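Asker: Take a look at the letters that make up each chain.
There are 2 protein chains.
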Amino acid sequence: MTHIEITYLINSLHSKELIDAIRVEQTIEYPFELAPTWIQEQIVGKVVSQKEFDKTRTEVTISYNSEITGFEIGQMLNVIWGNVSLFRDVKITKINFPDSFLTKFKGPRFGIEGLRNSFKAKKRPILATALKPMGLTSSELAKMAAIMVKAGIDFIKDDHSLANQKWAVWNERVKIISDAVSEANAKFNRNSVYAPSMNRPAEQILDAALKAKGLGCGAVLVLPGISGFDTMRAIADSDDFALPIMSHPANLGSYIMNPNHGFNHEIIFSTFKRISGADMSIFPNFAGRFSFSKEECLTIANSCRDKLANLKTIMPTVGGGMTLDRINEIVDFYGNDTVLLIGGALHRGDLLENASRFREIIEQFEN
Amino acid sequence: MTHIEITYLINSLHSKELIDAIRVEQTIEYPFELAPTWIQEQIVGKVVSQKEFDKTRTEVTISYNSEITGFEIGQMLNVIWGNVSLFRDVKITKINFPDSFLTKFKGPRFGIEGLRNSFKAKKRPILATALKPMGLTSSELAKMAAIMVKAGIDFIKDDHSLANQKWAVWNERVKIISDAVSEANAKFNRNSVYAPSMNRPAEQILDAALKAKGLGCGAVLVLPGISGFDTMRAIADSDDFALPIMSHPANLGSYIMNPNHGFNHEIIFSTFKRISGADMSIFPNFAGRFSFSKEECLTIANSCRDKLANLKTIMPTVGGGMTLDRINEIVDFYGNDTVLLIGGALHRGDLLENASRFREIIEQFEN
Chain A
894 MTHIEITYLI NSLHSKELID AIRVEQTIEY PFELAPTWIQ EQIVGKVVSQ KEFDKTRTEV
954 TISYNSEITG FEIGQMLNVI WGNVSLFRDV KITKINFPDS FLTKFKGPRF GIEGLRNSFK
1014 AKKRPILATA LKPMGLTSSE LAKMAAIMVK AGIDFIKDDH SLANQKWAVW NERVKIISDA
1074 VSEANAKFNR NSVYAPSMNR PAEQILDAAL KAKGLGCGAV LVLPGISGFD TMRAIADSDD
1134 FALPIMSHPA NLGSYIMNPN HGFNHEIIFS TFKRISGADM SIFPNFAGRF SFSKEECLTI
1194 ANSCRDKLAN LKTIMPTVGG GMTLDRINEI VDFYGNDTVL LIGGALHRGD LLENASRFRE
1254 IIEQFEN
Chain B
894 MTHIEITYLI NSLHSKELID AIRVEQTIEY PFELAPTWIQ EQIVGKVVSQ KEFDKTRTEV
954 TISYNSEITG FEIGQMLNVI WGNVSLFRDV KITKINFPDS FLTKFKGPRF GIEGLRNSFK
1014 AKKRPILATA LKPMGLTSSE LAKMAAIMVK AGIDFIKDDH SLANQKWAVW NERVKIISDA
1074 VSEANAKFNR NSVYAPSMNR PAEQILDAAL KAKGLGCGAV LVLPGISGFD TMRAIADSDD
1134 FALPIMSHPA NLGSYIMNPN HGFNHEIIFS TFKRISGADM SIFPNFAGRF SFSKEECLTI
1194 ANSCRDKLAN LKTIMPTVGG GMTLDRINEI VDFYGNDTVL LIGGALHRGD LLENASRFRE
1254 IIEQFEN
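Protein chains in written order, with our numbering: chain A, 894 to 1260; chain B, 894 to 1260.
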């Protein structure tokens, strides 16, 4: 029997009651004293350590038999945060998964090494951009994509807001942009990939991923906060699909924006994404228009590249209000094993010029 | 062109900048001044009203062209909360969907009227319970289910923690319990339904719902916070499936537990669930072991039963630490169009006796 250890920071005067509630609630959800002895002993969570910082702040680590997850992502999330999400003032600051749990998951198919091979980028950061704004036609977006290929952007994704709107419906858009990227790759001797957004209806999403591949897309963008972490895992696990996955943070702010509730950033943006098969995890850079601190960003990036049983390391993907004149500072901060995602800022002035400059700056890091 | 109006409560000294950021971020995510004029005018969100309560609290309503959702649940969630979830101190307190948007969705297939017909319950509340605890075998859970049928519990669901654990694997469990419920229905002249938990892997969930139906299950339990709201919609929309759906709040606490971030309770537990096809929405009762206030609970219940374009009204389903001696008070508070979900408390003492007493108390409300 191996165990998952979850550390909770509890901000409450009633930490004792809360701790008892959590270990029962997240397992048997049943009066403890009525459960058979073996269930009390082997299934209900057990406190393994506890530290009282002051009257209202207690840190507690509870261990759970990993069998209660059934070794599936959905039940893993349910054990970790299902009903406890409805308790006030409980924050999960750390999770230790045993290797015997993690080895049940394939995780990222490509990871840092696989991405470096496919982009023929030995040392430098990977360049990424987004096709936007919503409202442009598929052909307009395709022209934009061709410029990005010419400039040498490695990874060209749909803006995360592009779903199936009438201005550029999914089927048409993915074909037209994918064709434009292939053509431009041949013409300019590049190997850029186009990643359509997989914000598709649940019953179509796996087929849509295969369709994207069939149309020549080299990767996809998945929004696990909307489609579900396990949907991302299903796409990653598909041997018929077998392309890199970039994951987007949409809707995931709910889990990490509150100091006394939810999760530490790296659990959502690195650990869960990695177990669920993302090769790249987008998160907003500090000092952009979002609210992550420098430390939170670095913790995510480090966690993406830390050892985690058999799971490949993945590329932290930094985006959100980034500009060309900050690239050196950003690479210096995150290191080379990073994807730099610059969207809107490339459009101020001449797009080809800006995108080419982006590549030029990044090329320096190859040597 | 019709619009979705979203009201945000902003707790910040920088509300002006935040409001501009939100209306651009949730649409074009691109420098406003660089977008074509028609996109600025027709796609970017527009402030329709604004109220400053004090220096740090501003309420603003922004209207969005409903076409930007593509009339799909995934992109609806993305427009409403995608990137703004990563902003601090923004809470969504109200959403007005135009009828032209809502009529694109089928919503709940059964709703209150359909549930009343299938349970042959004209006026009384519906009785529900959960099979638990995790760790019991399928046969033990099936025996428990048969007792519930005998007592006259309408709706018998898997505990939400039952997924595919070795003690009662999904395929086996669903068959054994479903058989036991059918047998008991015949024997005791009841029409109880068994609802297995659909916490299944993403690529199997739709097939699993059909399998459950094939095995004789009369409904299912879906966890939209884990499987995704659109997955619930896909199950509800399937004409081959066509059974009632009870939705569980697991993981949804992230969206509603923080006074300055997320959503008002009824948006998540009523509006989103209803658009996504739930016939019953479980939420924790006030004064139980969770943290919802009396007012929050009532707002959810009322919203489940309010007019919402063409979408059927649904049954608020109250659970969490409820006991038999509180039923009269609870029905008095919520009204008869309610599902009462009592789990653990039925097991203190004799199960058949308690469950029969539960039915007996509820029967009074039929007349």
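Simulated from the structure, these hints should not be mistaken for laboratory data. Note that this is a predicted model, so its numbers are computed, not measured. One should not assume that every hint holds.
[What the hints assert, rightly or not] 20 Å max Cα-Cα, derived PhoX-like pairs, lysine-lysine:
| # | chain 1 | residue 1 | chain 2 | residue 2 |
| --- | --- | --- | --- | --- |
| 1 | B | K1187 | B | K987 |
| 2 | B | K1104 | B | K1068 |
| 3 | A | K1059 | B | K1068 |
| 4 | B | K999 | B | K1205 |
| 5 | B | K1043 | B | K1068 |
| 6 | B | K1104 | A | K997 |
Asker: In ascending order, which of the hints set out earlier in this document are inconsistent with the structure?
Answerer: 3, 6
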